[in-house]
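Respectively, the protein sequence lines represent chains X and S.
In terms of the UniProt record's numbering, the first sequence has 58 at position 58, counting the first letter as 1, and numbering is strictly consecutive.
In terms of the UniProt record's numbering, the second sequence has 32 at position 32, counting the first letter as 1, and numbering is strictly consecutive.
Partial list, computed: chain X residues near chain S (C-beta under 7 Å):
id, residue
1, L51
2, I53
3, F71
4, Q231
5, Q245
6, M247
Hints are computed from structural coordinates only; laboratory data are not their basis.
All of these numbers come straight from a predicted model, not from anything done at the bench.
For every residue, glycine included, the Cβ atom is placed at its ideal position computed from N, Cα and C.
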Amino acid sequence: MSLTTAPPRKPSLLRTITSSLNLTLGLFIIVVFFGGALISLVWTPFDVASLDIPNKLKAPGLPHLMGTDHFGRDVFSMILVGARTSIAVAVVAVGIGMGLGVPLGLAAAVRPGSFMDELIMRGNDLVFAFPALLIAIMITAVFGPGAVNAILAIGIFNIPVFARLSRGAALSLWTRDFVLSARVAGKGAVRISYEHILPNILNLLIVQGTIQFSLGILAEAGLSYVGLGAQPPIPSWGRMLAESQTMISFAPHLALFPGLAIVFTVLGLNLMGDGLRDILDPKIRRER
Amino acid sequence: MKFTSKLAFAASALALSVSAAWADSGEISVGMALEPPHLDPTSAAAGAIDQVLYANVFQGLTRFASDGSIIPGLAESWTISDDGLTYVFQLRHGVKFHDGTDFDASHVVFSLDRARAEDSTNAQKALFADIASVKTGDHYSVIVTLSKPNGSLLFNLAWGDAVIVSPESIDTIKEKPIGTGPFRFVEWVKGDRIELERTPDYSWGDQVALDKVTFRFISDPTAAFAAVMSEDVDVFPVFPAPENLAQFDADPRFQVLVGSTEGETILSTNNKLPPLDDVRVRKAIAHAIDRKAIIDGAMFGFGTPIGTHFAPHNPAYLDLTGNSAYDPEMSKSLLAEAGLADGFTTTLKLPPPSYARRGGEIIAAQLREVGINVEISNLEWAQWLEQVFRGKDFGLTIVSHTEPMDIGIYARPDYYFQYDNPEFQALITELNAEAKADKRTELLHKAQTMISEDYVNGYLFQLAATGVANAKLQGLWVNAPTQATDLTGVSWAE
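Here chain S stands alone, though its shape is the one from the complex:
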């Protein structure tokens, strides 16, 4: 008797361990440096929200593919009228929200009307500015009418800020997001992790391989390094310390994913603050900066130099780095021309990411070489948003603008760097109304050149997407065309 019970125990223990190993193969733990403030992607600018929920929990009419192209999402297909003013979207059938509600055209009308409403808290309301009305055609079609042609509507609707939400669950979305995606929300332990699981009976898109996803929030780079090394997290899509990547690369357990992002990292300049309001002074700063030293020193070689506010992997990109080549002698003569031969003093306020803190020290040293004395102060994000972004109380700052195709911010004179050029504003208005691809490219070239030659900001480098993952994981995004951790195509290799 005793013997058999022992045997039975051993057998059940074996069975347990086998099932644990089997379940393990469908689980993944994702490391993130920043925790989302809440879980409503349609009412905050925080990229961390999209990094958890985009494509996983929430879907939009269209979506970004891993290469940045726009592919159908909840809209199966669409037709555009000849005047470019009317879009008719055909929706997927049989889609259900995670709470069991059937998805139909009324949800699209609700979501888009909510995003573009007068009192909307959507962080990217400009995306919806040209929409005149959104109406249901029939149960599964939606008619979007524009007030003027907008060539980037499909692109705009792919943003995380334009995902489809349901009126039934909107009141609790910040704590318990209900979407239509292949993963559904399970639990959020604040300060620690967010858990997602595969949506049962998900039948309206490609099947996913993972059963369970845990997003873990690890802000300290040293802790992040330890978590990856000990294989506590399987993937860290935006690893906070570039200096550790070489080490991961040399370790056969890991793969390092280096791709492009939409993050133009710039030395933002207060265009209204003397003497920085003088274009000669801004030009002097631009020529005093050695981009290579910054990329090597602050990013350990990860990053592509840029000469304007535009992503180098975009087909419409112009390489304008020549406008601001490293030339300290020219800087000095420009400063002398502006009546500042003895240099001047200004502030450099730096947010927490290492590209800013380290880049700031390097830029300070480079500006000192030409006689510009910058006083560095390191700020936390909240302080930075308060003082620099909203208060406009700064001379210089370094920040990465991670929104895709965001050159339009230069047409907003009240934006924090306060570039006010009516010519540029007219150009962007013309661009937004233009739907023809070649004409758009031409206008984009013009816009890039204009801000480059006005030396609005110091253009440093395009942030690289530097991720690290378990070598056995496949299907991860290498590039980051939008802020997202799309896990729908991710699986463990056998």
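Chain X on its own, in the form it takes in the complex:
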């Protein structure tokens, strides 16, 4: 029996990542998904804008890996380009949510209970009280359907999520000693929020961002499904699903592939979010 212990080895980043099955699986799916979207920028097997009606409703096979739709367009190419649409909408929407929500939350946390805090948080409650889809329908009803308005709608419902999260996390930080010393050193509220609070809640934001990203993709699919998202001819998974509905009995591949794409992407993002939380969340990290 030897009592000597090896010096504790700092786990490498790669090991940390691979130690979490969730994260590995999630990352793998997301890399495939983003990769497909990136490739579609420069190349797709077939042009998704040109129709080939004599070759409509072909079953999956060669040369159409996932078959063709009712206009003879290649479903695989449409899935790739649809991924791009989904990512673009979700990224910008999460960006809007973070960009506006986080500063609002941080500002509200400076003086809890103050007029500004109440104003910001009750405003957030108001937005939060509306179902996301309802906000989206409202915006598109006023400004017309389209990808830009879908982005706006999904972005707006992301604001209160981030505002609440950052306010809650910031509140507990404001009582900590390092913040107190910063105040003593004469730093203002804005500077403290930016230099001391924000870096400490960044991990939470990243995890939440991943989750919101998956919700954004779902929301985009939902909006396109009811016809309020990206307009034709831009391919979108939600609209592909909606269009496949009446043909599901004789061309099930039209519903299957966009459905699977949505399921796997959302699953991948959620797994990744879980895995990231395992690594980044200090509470869980300490328990290990």
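Chain X is fixed; fit chain S onto it per the hints.
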């Protein structure tokens, strides 16, 4: 004791099931995609009203037969004066409204005067424009005097907008329609169904075989498919998803009825909006369109190509599709000639039906090939009526004009596509005054050619009447000469 009561119960249960099966044979459930806004066919353009009530609940002086010909309705016979200005209608005797009121000449005078009155809300007032006066002759005859000869009066009076209503029940007609037809109104559960039943003591026309009719409103194509498959509805006269018809056709439980309609499906073009006000640009659009691809892609092969605004099954139809044959190279050179070699951008606003939504995507792709960039926006019907039909705020749109013989809309410069050609307007005036058949045909040929060569709109295809029904149903209309679901001749085969 116990045994006998059990036996009695079994016997009564048997009797019940037998009577249920017997009653079933006289019932029919009809599926419809659109629900009527109200039930007065004489004060709205909505085709759904006629699809429920025409010939079933309401009757006119004349009516459309299933082949589109005009046959007597409430008027048994008529005579026309030599100058073509005076029509004397002899009415059927013994006709009663569903509320028990006896039908006579005063009802005809009331109905026609109401339809053509200054403050009338009739959607087709033009039908009655040439009527100078309507007077009762005796109890059962009506004298209609025209201000100028109108060869299509009998045709006009057959429309659903010209049915006979009664002053006793006119105030509640929108909720509780009272007509003279073989079926009478029972109940309207909004958002779900309208029920009709056979008019008891109906003796003034052919007897009907059905006892009870339920119109069910199913707007979602997927739900419509499920309703027919599960035999919840017995007939869907205008089935909303053409892609499912092949499947019904292969199923021995169903019959697919493919006929003609009066629906000219056109790429309506805003003739006042630059650069679409240039005939060369409109011609370029017409030559960029491949009709076959649209019919195959959007309608799964159902539809007849048209080259002008006229129904191909009409004897006066001219096949002018050659004027706008698919020729993208010609399109490009026409655009170059018009100074638009680099193409241009315009809007394409699409109402909900699949012919428009799918057709729109195909047309957008075809126009892109010749350099015309169209921005598609999908609109709901209310928005479409507001923006396109009333607001005239559009470049292109796709819609099916389902009124019979509606080439006259091109003589109305304020109509939404805004075609303003005095020569054409004079032609239609001449046509309306003409009663001789061969001369009318000649004028109709001229009119068709004129709008075809002016490329007013892109003429796509004649909408097919694609219905699906239980294989045991007989007597359904195959063609749709007017918007109607005439159930008077329908019965279940044994």
